[in-house]
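Trainee: Sequence lines, in order, name chains H, V, X and C.
The first sequence begins at 0 in numbering that gives the first Met the number 0 and counts up one residue at a time.
The second sequence begins at 0 in numbering that gives the first Met the number 0 and counts up one residue at a time.
The third sequence begins at 0 in numbering that gives the first Met the number 0 and counts up one residue at a time.
The fourth sequence begins at 0 in numbering that gives the first Met the number 0 and counts up one residue at a time.
Any given hint could turn out to be false.
Since copy identity is lost for identical chains, a pair holds within one copy or between any two.
Derived lysine-lysine pairs resembling DSS-like cross-links, with alpha carbons at most 30 Å apart [to be verified]:
#1 K243 / K217
#2 K217 / K250
#3 K250 / K210
#4 K243 / K210
Rather than coming from a laboratory, the hints here were simulated on the basis of the structure.
Keep in mind that this is a model prediction, so the values were computed, not measured.
There are 4 protein chains.
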Amino acid sequence: MPIRTVVWGENVHEQHNAIVARTYPDGMHQCIADTLNEDPDIEATTATLQEPEHGLTEERLARTDVLVWWGHAAHGDVSDLVVDRVCDAVWSGMGLMFLHSAHFAKPFKRLMGSPCNLTWREAGERERLWVTSRNHPITQGLPDSFELEMEEMYGEPFGVPEPLETVFISWFQGGEVFRSGLTYKRGAGNIFYFRPGHETYPTYHDATVQKVLKNGVKWAFNPMVRIAEPNAAPNVPVDTAPEKIEERGPKLHSDGEEGFR
Amino acid sequence: MPIRTVVWGENVHEQHNAIVARTYPDGMHQCIADTLNEDPDIEATTATLQEPEHGLTEERLARTDVLVWWGHAAHGDVSDLVVDRVCDAVWSGMGLMFLHSAHFAKPFKRLMGSPCNLTWREAGERERLWVTSRNHPITQGLPDSFELEMEEMYGEPFGVPEPLETVFISWFQGGEVFRSGLTYKRGAGNIFYFRPGHETYPTYHDATVQKVLKNGVKWAFNPMVRIAEPNAAPNVPVDTAPEKIEERGPKLHSDGEEGFR
Amino acid sequence: MPIRTVVWGENVHEQHNAIVARTYPDGMHQCIADTLNEDPDIEATTATLQEPEHGLTEERLARTDVLVWWGHAAHGDVSDLVVDRVCDAVWSGMGLMFLHSAHFAKPFKRLMGSPCNLTWREAGERERLWVTSRNHPITQGLPDSFELEMEEMYGEPFGVPEPLETVFISWFQGGEVFRSGLTYKRGAGNIFYFRPGHETYPTYHDATVQKVLKNGVKWAFNPMVRIAEPNAAPNVPVDTAPEKIEERGPKLHSDGEEGFR
Amino acid sequence: MPIRTVVWGENVHEQHNAIVARTYPDGMHQCIADTLNEDPDIEATTATLQEPEHGLTEERLARTDVLVWWGHAAHGDVSDLVVDRVCDAVWSGMGLMFLHSAHFAKPFKRLMGSPCNLTWREAGERERLWVTSRNHPITQGLPDSFELEMEEMYGEPFGVPEPLETVFISWFQGGEVFRSGLTYKRGAGNIFYFRPGHETYPTYHDATVQKVLKNGVKWAFNPMVRIAEPNAAPNVPVDTAPEKIEERGPKLHSDGEEGFR
Chain H
0 MPIRTVVWGE NVHEQHNAIV ARTYPDGMHQ CIADTLNEDP DIEATTATLQ
50 EPEHGLTEER LARTDVLVWW GHAAHGDVSD LVVDRVCDAV WSGMGLMFLH
100 SAHFAKPFKR LMGSPCNLTW REAGERERLW VTSRNHPITQ GLPDSFELEM
150 EEMYGEPFGV PEPLETVFIS WFQGGEVFRS GLTYKRGAGN IFYFRPGHET
200 YPTYHDATVQ KVLKNGVKWA FNPMVRIAEP NAAPNVPVDT APEKIEERGP
250 KLHSDGEEGF R
Chain V
0 MPIRTVVWGE NVHEQHNAIV ARTYPDGMHQ CIADTLNEDP DIEATTATLQ
50 EPEHGLTEER LARTDVLVWW GHAAHGDVSD LVVDRVCDAV WSGMGLMFLH
100 SAHFAKPFKR LMGSPCNLTW REAGERERLW VTSRNHPITQ GLPDSFELEM
150 EEMYGEPFGV PEPLETVFIS WFQGGEVFRS GLTYKRGAGN IFYFRPGHET
200 YPTYHDATVQ KVLKNGVKWA FNPMVRIAEP NAAPNVPVDT APEKIEERGP
250 KLHSDGEEGF R
Chain X
0 MPIRTVVWGE NVHEQHNAIV ARTYPDGMHQ CIADTLNEDP DIEATTATLQ
50 EPEHGLTEER LARTDVLVWW GHAAHGDVSD LVVDRVCDAV WSGMGLMFLH
100 SAHFAKPFKR LMGSPCNLTW REAGERERLW VTSRNHPITQ GLPDSFELEM
150 EEMYGEPFGV PEPLETVFIS WFQGGEVFRS GLTYKRGAGN IFYFRPGHET
200 YPTYHDATVQ KVLKNGVKWA FNPMVRIAEP NAAPNVPVDT APEKIEERGP
250 KLHSDGEEGF R
Chain C
0 MPIRTVVWGE NVHEQHNAIV ARTYPDGMHQ CIADTLNEDP DIEATTATLQ
50 EPEHGLTEER LARTDVLVWW GHAAHGDVSD LVVDRVCDAV WSGMGLMFLH
100 SAHFAKPFKR LMGSPCNLTW REAGERERLW VTSRNHPITQ GLPDSFELEM
150 EEMYGEPFGV PEPLETVFIS WFQGGEVFRS GLTYKRGAGN IFYFRPGHET
200 YPTYHDATVQ KVLKNGVKWA FNPMVRIAEP NAAPNVPVDT APEKIEERGP
250 KLHSDGEEGF R
């Protein structure tokens, strides 16, 4: 069965900016989904901010293996309820790939627990991404480096936790560097942040970027059964302890009681 | 100058439970602060849930080097505004030591970005903590293992991100294990989670635990000047780029504009 | 194509100890290989210390996707040449799963860069392994914990570097704990250390352990083309630099020269 | 008491190359030691390849808190005995800072367990180092980036394990990037790799580089008592097990026996 992927797009610039609309006539999310669908192992659909519940109902997330997130101008419009739902889905095992300006998306900030800030410049400068973890699954089919002739600059320090692995580091023409490919695990879910993708440039039409997107989805996919209650903190009663023990000492809780949250 | 430490206590069980009140007549927070004050390098005061703004005003956090957090029954009563403030302080460089049931405290969950769940049992069983990172500063003066005759059990899987370092792992009489000492960095702030400290047992009167608390504060302390705006994402205009570049290509932003959040 | 796996066995205890010979009549390596061969995705053969070049010629390693290593009494008899060869294979992308007493095997120590020491006791005590990274591929099909009624104890502190992920932690009846499942990446190769497997107990006949062995091989397998020269440190001449630069300043090396090693 | 630091220099280029000799009239090691001695918390001496036992006797390492290592042309001339000794000292708690071409030094390769390879170019190009871990002790007093007008280029992929933390990443004029500041722990010892320092340029006369060297020594220093036998793997007899157990099952070892190595 192919990897059920939902590409979430904010879908704002496409509606208000002629350049973006021309570069991505069906929206950035649709372009990314079309790319992913070229791969027989992936089956991608889309969801957008404007749909009810942003297209991310409980039911839909339950049948989503990997979510892809692009947002920028409207981070603040994303409902906190949906953010909670997305985090729960990740913790239960859904993969999540964050793209470019999604570094400031609510779910990314929530999952990182850090400011996620950086420096930036929109000047159409050259970016060159270098592989820092050879033969990482996300680098399948890539050379040691590849170039994007025009991209927005993101610069260090990038306010994220130390990752599981640093997969790409970018060089920018204007003199900055950036950790452009980072992997994380939160609960049972795999997370991949991938930097390129400024809306005014044709980045998602680039063949190497498209390869990374496909690799990223495959890497983030966890085929195991999702965890039913990813936040559960069950009490283990004395009589079901793995080793036989006698209860003793003062107690606050009565048997089988829920813990405090 | 000593490390300015604030011990935050929820201060609920002490008011409602005779056992806790007897074990910690001035509150758990005061017991911990007294312990820390035995060390000439630390100067500890307290703050509690019941004070205005939970005793954690902007001004106080600005002069706090390390915050210590114990909470349990009233996690939900902690104001989200104060949680945001605490996270900002950590990101700017304040150290934060979370104790025991603070695994479910709002700031811990926010800083971890993960469910932070576990299994538990309150049966007064024996816990033995093993050092897993020899000569880590937090283990200064400790043997390779030490025991607490009666403690609440916390069991794996513990729903936290892979730490920078695993410093302690606990063995429980009833058959479980738990990663009881974990270090993290979020923004410029050092975070230490330390498991022991159930309210109905005299854990914070134990000399070895007290040693860990002192070591933990010293480890979490970052002597560098706090970052003024830990969330800032400054634009770097083309004419101040480290390397001379010419602006080109289509643009969405005008010069010096704020980024989207 | 199935994962080409070689199970390397020291094959010493099997020849000299009646208990081990009875428990593993065809050798521990053969038992492990037979187990792995139950999985249609794996094709396992064996190699032993006593074969020429310990059965690990350059050619054989070149066609090995994952190597499994069990050694104990004869670590010192493993040729340094073969150790170098194994490390090179790992760095080029071969997976390597180390079992039990292989914590002191030459290739493990070489790949870890640390003492790899621990405490131990052979008393047939109960071991219970807890999953610490839920839904990690290595835990596929496992419950949150499983037991081995009789095992040798290994205790912390375990002298290894902080892993990519801690997958299992063991509880021992005698009071110790141990990080029993650890993942690493060295060069392009994935490494998994898995603790259980003392030679006098029937551990590799246990169904759950067998499941972990199969999962471990699949996790360690890297399907990408092996790196031809994993130690190469190529000079990039000025005229092939990604960005046009002019050579300047004093030089030690002449063009295209090999670096020092 | 100041941090007892030994700066180990290969001391070969200084003897054979006029440019290096002019830039570092007393040797690179002496220049680095002089710099470190400006800091009242550090007391630095030197040792060189040419001295008996390379100046690194058992006794000297025992009273060394932090070792600094610069080597290049003569990596192969370093005695394996001394390499073993240096690794043992690190594992027992000695700090070790590796500089520049020491990425291929025997002790670095041994402690990393990986190929430690990279790409390189000697063209006097501009290097700019960016801080990636804000307020890390090693960045004390540094701006977010600093420049070296002429340096040798080192490029990714850098064949090292994922570090504890990535502290610096370099931008090179010719288009490459490199993880230039990396921290590790091996046994009880802290390790810092710092990239800059090609012998034909005046890098160690640069004030910011000098600041990093001082910070690096302080970070690597572990004030705790050194571990006496960092490789010991003691047997824990049944009657001294932390929890009372009865011995059972078949045994290979007799009581109190040494384990195999």
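Trainee: Tell me, in ascending order, the numbers of any earlier hints that this structure violates.
Mentor: 1, 2
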